[in-house]
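**Q** Got chain G sorted already, so can you dock chain B onto it with the hints?
Protein chains in written order, with our numbering: chain G, 1 to 242; chain B, 1 to 82.
A few chain B positions that, by computed beta-carbon distances, are all more than 10 Å from chain G: (1) Q10; (2) G55; (3) V57; (4) E65.
Label-pair ranges, simulated between beta-carbon atoms: (5) B:G21 <-> G:G81: 21 to 29 Å; (6) G:V170 <-> B:G21: 16 to 24 Å; (7) B:Q26 <-> G:G239: 50 to 58 Å.
Just so you know, these hints were derived from the structure itself, not from any lab. Just so you know, these numbers come straight off a predicted model, no measurement behind them. For each residue, glycine too, the CB sits at the ideal point set by N, CA and C.
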Amino acid sequence: MAEGSALVTGASRGIGAAIARALAGDGWPVGVNYRSDRDGAERVVSEIEDQGGRAIALAADVTDPAAPEELFGALESEYGGPVLALVNNAGISRDDLTPTLGDEEWSSVIETDLTAAFRMTRRALVPMMRARNGRIVNVSSVVGLRANPGQSNYAAAKAGLIALTRTAAVEVARRGVTVNAVAPGWIDTDMTAGVSKDLLAAVPARRAGTPEEVAACVRFLVSDEAGYVTGAVLSVDGGLAA
Amino acid sequence: MPAVTTEQVQERVIETLASFGPEADQITRDATFEQLDIDSLDLVELAQIVEDEYGVVLKGEDMKELKTVGDAIDLIVGKAEA
Chain G
1 MAEGSALVTG ASRGIGAAIA RALAGDGWPV GVNYRSDRDG AERVVSEIED QGGRAIALAA
61 DVTDPAAPEE LFGALESEYG GPVLALVNNA GISRDDLTPT LGDEEWSSVI ETDLTAAFRM
121 TRRALVPMMR ARNGRIVNVS SVVGLRANPG QSNYAAAKAG LIALTRTAAV EVARRGVTVN
181 AVAPGWIDTD MTAGVSKDLL AAVPARRAGT PEEVAACVRF LVSDEAGYVT GAVLSVDGGL
241 AA
Chain B
1 MPAVTTEQVQ ERVIETLASF GPEADQITRD ATFEQLDIDS LDLVELAQIV EDEYGVVLKG
61 EDMKELKTVG DAIDLIVGKA EA
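Next comes chain G alone, as it looks inside the complex:
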């Protein structure tokens, strides 16, 4: 593993927390970003430290244009090297059917799930290019690949993330920097807690996935072994998009 640190946005719980723990398990010093759940983020940091890893909790609303500089600056000074792994995981959903979907519901989801990931990626790339080493993983969604009524805003953002992933990947490929996406399906988290379990019938595997199953895929994409994988979208969905 390279001399550098990892940043996981939205890592106080759910998929992001599992990713932070997995990367720390591979030896990465990890920035555990959170917006409001300070207790959750500090719990993740404690768990990592209990396992002999290194992590710090970093408060920032990823939609704040100043957030990338704050987060990257904090990690660069804390761990004394560039951020060489970025996982854009922070996301929200504001579901409604398209005919009644409000402007605020549209723009807040695009801003959080897509624009913030772009700004983080922009901040990450030059130091990674100069290091000739870097890993960016965007947490997209099965709905970026396959329609799910009531989520046109979320789907547009998550499909946009895939397009961002592919474009950035080819731009920086010859610099040793990879950019990939994972597309989780139904994963047991707070975000899916309120959703009807009837939808599980549509999942070929007939069960929800776990945050750890998504984290294992991210861990692979961030690893040295995945150096020739770039611009890829790895579905983690029990066959839902197949």
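**A** Leaving out everything else, chain B in the frame of chain G:
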């Protein structure tokens, strides 16, 4: 910021461009980026190095106008003096 000379900038620019692939002896003031197979992403990286070392911020629109190595050196020196 310490004063920078054209010679210092030229030396640093050539060293940086050489790290992107072309042989150092091909990198003359009159050489074009096209001849050297230096692409726009290389220039983004060069701009970052220049910013770190000389505090000179080169924007995308500045870089687009650059055709030769000499253009880049003159732009950086000009901005450093401004």
